[in-house]
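K.L.:
Chain residues, written in single-letter form:
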Amino acid sequence: MTLDFKPLQQELAGVGYIAGDSLAMALCLMVGLKRPLLIEGEAGVGKTEVAKAMAAVLKTHLIRLQCYEGLDANATLYEWNYQRQLLAIRAHERDQLSADAIERQVFSEPYLLRRPLLESISQETSPVLLIDEIDRADEEFEAFLLEILSDFQVTIPELGTIRARSIPHVILTSNGTRALSDALRRRCLYSYVDFPDETKELTILRVRLPGVDERLAGQIVRFVQLLRREHLEKKPGIAETIDWATALIGLDIRALDADPRAVQASLLCLLKTEADLKSVPAEVSARLIGKVA
Amino acid sequence: MSGTTSITGKTPVSRVRGFLAHLRLNGFTVGPAEAEAAVSLIAAIDPPDAVATRLGLKTMLTGERGQWERFDELFAAYWFGRGVKKASMVTAGGGERESGRPPIWERVLPRAERAEAMRVIEPDEAGDGADMPEAPTPVVASRREALMRADLGRLSRAEDIVEAERIAERLARALRYRLSRRRLPAHAGDVVDLRRTLRRNLSRGGEPVELLRKKRPERPVNLVLLLDVSGSMRLYSGYLVSFVRGLLGCWLDADAFAFHTRLIHLTDVLREGDRRRAMDRLSLMVEGFGGGTQIATALKTFNDRYARKVLNSRSVVIIMSDGYDTDPSEMIAAELRRLKGRARRLIWLNPLLGWRDYAPVARAMAAAMPFIDCFAAAHSLASLAALEREFAGI
Chain A
315 MTLDFKPLQQ
325 ELAGVGYIAG
335 DSLAMALCLM
345 VGLKRPLLIE
355 GEAGVGKTEV
365 AKAMAAVLKT
375 HLIRLQCYEG
385 LDANATLYEW
395 NYQRQLLAIR
405 AHERDQLSAD
415 AIERQVFSEP
425 YLLRRPLLES
435 ISQETSPVLL
445 IDEIDRADEE
455 FEAFLLEILS
465 DFQVTIPELG
475 TIRARSIPHV
485 ILTSNGTRAL
495 SDALRRRCLY
505 SYVDFPDETK
515 ELTILRVRLP
525 GVDERLAGQI
535 VRFVQLLRRE
545 HLEKKPGIAE
555 TIDWATALIG
565 LDIRALDADP
575 RAVQASLLCL
585 LKTEADLKSV
595 PAEVSARLIG
605 KVA
Chain B
7 MSGTTSITGK
17 TPVSRVRGFL
27 AHLRLNGFTV
37 GPAEAEAAVS
47 LIAAIDPPDA
57 VATRLGLKTM
67 LTGERGQWER
77 FDELFAAYWF
87 GRGVKKASMV
97 TAGGGERESG
107 RPPIWERVLP
117 RAERAEAMRV
127 IEPDEAGDGA
137 DMPEAPTPVV
147 ASRREALMRA
157 DLGRLSRAED
167 IVEAERIAER
177 LARALRYRLS
187 RRRLPAHAGD
197 VVDLRRTLRR
207 NLSRGGEPVE
217 LLRKKRPERP
227 VNLVLLLDVS
237 GSMRLYSGYL
247 VSFVRGLLGC
257 WLDADAFAFH
267 TRLIHLTDVL
277 REGDRRRAMD
287 RLSLMVEGFG
297 GGTQIATALK
307 TFNDRYARKV
317 LNSRSVVIIM
327 SDGYDTDPSE
337 MIAAELRRLK
347 GRARRLIWLN
357 PLLGWRDYAP
367 VARAMAAAMP
377 FIDCFAAAHS
387 LASLAALERE
397 FAGI
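The listed protein sequences derive, respectively, from chains A and B. Whatever position you read off the first sequence (first residue = 1), add 314 for the working numbering. Whatever position you read off the second sequence (first residue = 1), add 6 for the working numbering.
The hints are simulated quantities; they were obtained by calculation from the structure and are not laboratory data. If you're wondering where the values come from, they're calculated on a predicted model, not measured in any experiment. Honestly, I wouldn't trust all of these hints.
With a straight-line cut-off of 30 angstroms between C-alpha atoms, the simulated DSS-like cross-links for lysine-lysine are [stated by the list, open to error]: (1) B/K220 - A/K548; (2) A/K548 - B/K306; (3) B/K346 - B/K306; (4) A/K592 - A/K548; (5) A/K514 - A/K366; (6) A/K366 - A/K592; (7) A/K605 - A/K366; (8) A/K320 - A/K514; (9) A/K373 - A/K514; (10) A/K548 - A/K605; (11) B/K306 - A/K586; (12) A/K348 - A/K514; (13) A/K586 - B/K315; (14) A/K592 - A/K514; (15) A/K373 - A/K348; (16) A/K586 - A/K548; (17) A/K320 - A/K366; (18) A/K514 - B/K346; (19) A/K514 - A/K548; (20) A/K320 - A/K348; (21) A/K586 - A/K514; (22) A/K320 - A/K373; (23) A/K592 - A/K605; (24) B/K306 - A/K592; (25) B/K221 - A/K592; (26) A/K592 - B/K346; (27) B/K346 - A/K586; (28) B/K346 - A/K548; (29) A/K514 - A/K605; (30) A/K605 - B/K315.
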């Protein structure tokens, strides 16, 4: 095993994802060591995007499991297709089959609904499994996940144990709404993604919006960077920057200082709560524009 | 493996083990499994590269944001002797002592010096030194008056500090006992509920056939302590740490943080059973950063990162600081407003308040005043005892 994150970083850039050194190293280790990677960071720094980009780089597909409160093992592993089973039993009523035979038939592979976790371990080639916002799920689910992530096998009482054909590349993301257990943290590699600095954000903007005017892009990025230093409830992420840039291009604004009123109106792309919008009145945005122009 | 030898000059395995011990000392949970993984990781980085090694180990050994942010500093300190005091700049030796502590730390803070950190230093300004306080507080325990009246900043002998901690612990227990004074109806209460018993037995002509009981509900206050350990508080931080430790010791639902220019989570360190070990670890954590006080920045970190987890509607936040802040005063007002939004009570203990003619004119202090429910002195144990009344009102 040799580790060099530079090639991976370039490949990621090739599919439109600009990863910092530490994140590239973390992804490189995730693939190399076959261990799950836990990514934390503010909303909108591109945690979910990483998984998509990795799937593109590894030329495999992405299986996504969105966590929410009350998510349980059944919804993530497998369920029996109840309607289809009923239908099959009805259809076979006339065939005079024995109860055992019917049971064997309706509890077989075709009647199994594979949910993301089972799906991800039954692939021929390792997929990227994205477990999004793990902090929203309950602690019980976390413990269950831990078991799956260490064994990579699932036992279905009616079918027996299903072993993984390939070990998926697991990426977990968390927004830190709840403290995750130490066990899960120890099992995973860890990376913290911060808001990008000016150079990196400019690169991202250029990659995502190839047609953007160079001067405008610079102004946009500097403006957003300054805006993040203001006291906001919810700081704008990269997605918001891109949205705003798209909006400005759509409004045919060439430079931020050319039309401050339109800029002020379009700030709702960046500021997503009422308090934040109020805390950046025209004077503040004029001051920020003055700094970046 | 041969590649890594060139970086360290000693057998890499023991150096890596030393590094892990260094991390463990700083609150990381790393075990033998991590050590093995770290060694094979370093071996895999070919050609050897300090940056890749740092990033790789960072990914592997950290598990949360605080660790992630501190890792670079710790890495540089151990492998390059950077970011620590001059004494450690001499050639870094390999291996570890039987104590499990890498020698680098022994050199940074020799035992004598750590003792020094706990000892009290005379105040810098001559005026302050001459104007020693007279405690404007009620007398609580008369037998210990001499010790309690003495400005705790002046306690220097070890046994005095131990005694101070003992009293602080006693006070903390007393505070906790006072937490809920009202009694609520309970099936197996310790006291007969006279009013309800009479009412219930009216139908039997007032003969108390059936006794109803009541008891004190267990509703512990959630305590959050924020302790200023900056230079200007040095005089008092020794015994305030003891006070914080005393509170944590008998409070299950309590969290402690220290701050100077940044915020450090202390709870785990102070819960350490052995007093001296706890103090050693604490001074290690607090030492070596120095500089001014940034109360508002520390509060912001607290609000951003911890408040959601540690505060609830029964939280009492105690800030122990002299209010000398280098951040803008609007910022501290804004942060305190946020803090106040989550916590029930905000208590500010200011050691300077015990000094004659002190008025909270420091800008930060003045800005903070509107948000404080109780502004009390904390220059002596007697003043801490006065807190009891404040807590009883919750």
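K.L.:
So, for every hint listed, does it hold in this structure?
P.N.:
Hint-by-hint comparison with the structure:
Pair hint B/K220 plus A/K548 does not hold up; C-alpha atoms about 47 angstroms apart against a cutoff of 30 angstroms. With a C-alpha separation of about 14 angstroms, the suggested pair A/K548 and B/K306 falls inside the 30 angstroms cut-off, and the hint holds. Only pairs whose Cα atoms come within 30 angstroms are accepted, and B/K346 paired with B/K306 is accepted, the gap being roughly 13 angstroms. For the proposed pair A/K592 and A/K548, the alpha carbon gap of about 13 angstroms is at most 30 angstroms, so the pair holds.
With a C-alpha separation of about 19 angstroms, the suggested pairing of A/K514 with A/K366 holds against the 30 angstroms cut-off. With a C-alpha separation of about 35 angstroms, the suggested pair A/K366 and A/K592 falls outside the 30 angstroms cut-off, and the hint is violated. For the proposed pair A/K605 and A/K366, the alpha carbon gap of about 36 angstroms is over 30 angstroms, so the pair is violated. Distance hint between A/K320 and A/K514 is fulfilled; the C-alpha atoms sit about 16 angstroms from each other, no more than 30 angstroms.
With a C-alpha separation of about 25 angstroms, the suggested pair A/K373 and A/K514 falls inside the 30 angstroms cut-off, and the hint holds. Simply put, A/K548 and A/K605 have alpha-carbon atoms about 22 angstroms apart, close enough for the 30 angstroms limit, and the pair holds. Among the hinted pairs, B/K306 with A/K586 is consistent with the structure: their alpha-carbon atoms are about 21 angstroms apart, no more than 30 angstroms. Restraint check for A/K348 and A/K514: the C-alpha separation of about 28 angstroms stays at or below 30 angstroms, so the hint holds.
Of the supplied pair hints, the one linking A/K586 and B/K315 holds, its CA atoms being roughly 24 angstroms apart against a limit of 30 angstroms. As the CA atoms of A/K592 and A/K514 are separated by approximately 29 angstroms, the hinted pair is consistent with the 30 angstroms bound. Between A/K373 and A/K348 the CA atoms are separated by roughly 17 angstroms; this keeps the pair inside 30 angstroms, and the hint holds. A hinted pair counts as satisfied when its Cα atoms are at most 30 angstroms apart, and A/K586 with A/K548 qualifies at roughly 7 angstroms.
Straight-line distance between C-alpha atoms of A/K320 and A/K366 comes to about 19 angstroms, which keeps the hinted pair within the 30 angstroms bound. Only pairs whose Cα atoms come within 30 angstroms are accepted, and A/K514 paired with B/K346 is rejected, the gap being roughly 37 angstroms. Note on A/K514 and A/K548: the hinted pairing holds, with a Cα-Cα distance of about 21 angstroms set against a maximum of 30 angstroms. At most 30 angstroms may separate the alpha-carbon atoms for a hinted pair to count; A/K320 and A/K348 meet this at roughly 19 angstroms.
For the given pair, A/K586 sits about 23 angstroms from A/K514 by alpha-carbon distance, which is consistent with the 30 angstroms threshold. Between A/K320 and A/K373, the direct Cα distance comes to roughly 18 angstroms. Compliance with the 30 angstroms bound is thereby established for this hinted pair. For a cut-off of 30 angstroms, the pair hint linking A/K592 to A/K605 stands: about 20 angstroms separates their Cα positions. Restraint check: the Cα-Cα separation between B/K306 and A/K592 comes to about 21 angstroms, which is no more than 30 angstroms; the hinted pair holds.
A distance of roughly 49 angstroms separates the Cα atoms of B/K221 and A/K592; the hinted pair therefore is violated under the 30 angstroms criterion. Of the pairs offered as hints, the one joining A/K592 and B/K346 holds, with about 21 angstroms between alpha carbons and a cut-off of 30 angstroms not exceeded. A threshold of 30 angstroms between alpha carbons decides the hint, and for B/K346 with A/K586 the separation of about 24 angstroms falls inside it, so the pair holds. This hinted pair checks out: B/K346 and A/K548 have alpha carbons roughly 19 angstroms apart, not beyond 30 angstroms.
For the given pair, A/K514 sits about 20 angstroms from A/K605 by alpha-carbon distance, which is consistent with the 30 angstroms threshold. Taken as a hint, the A/K605 and B/K315 pair is broken in the structure, with Cα atoms around 37 angstroms apart against an allowance of 30 angstroms.
The structure fails hints 1, 6, 7, 18, 25, 30 (numbered hints given earlier, in ascending order).
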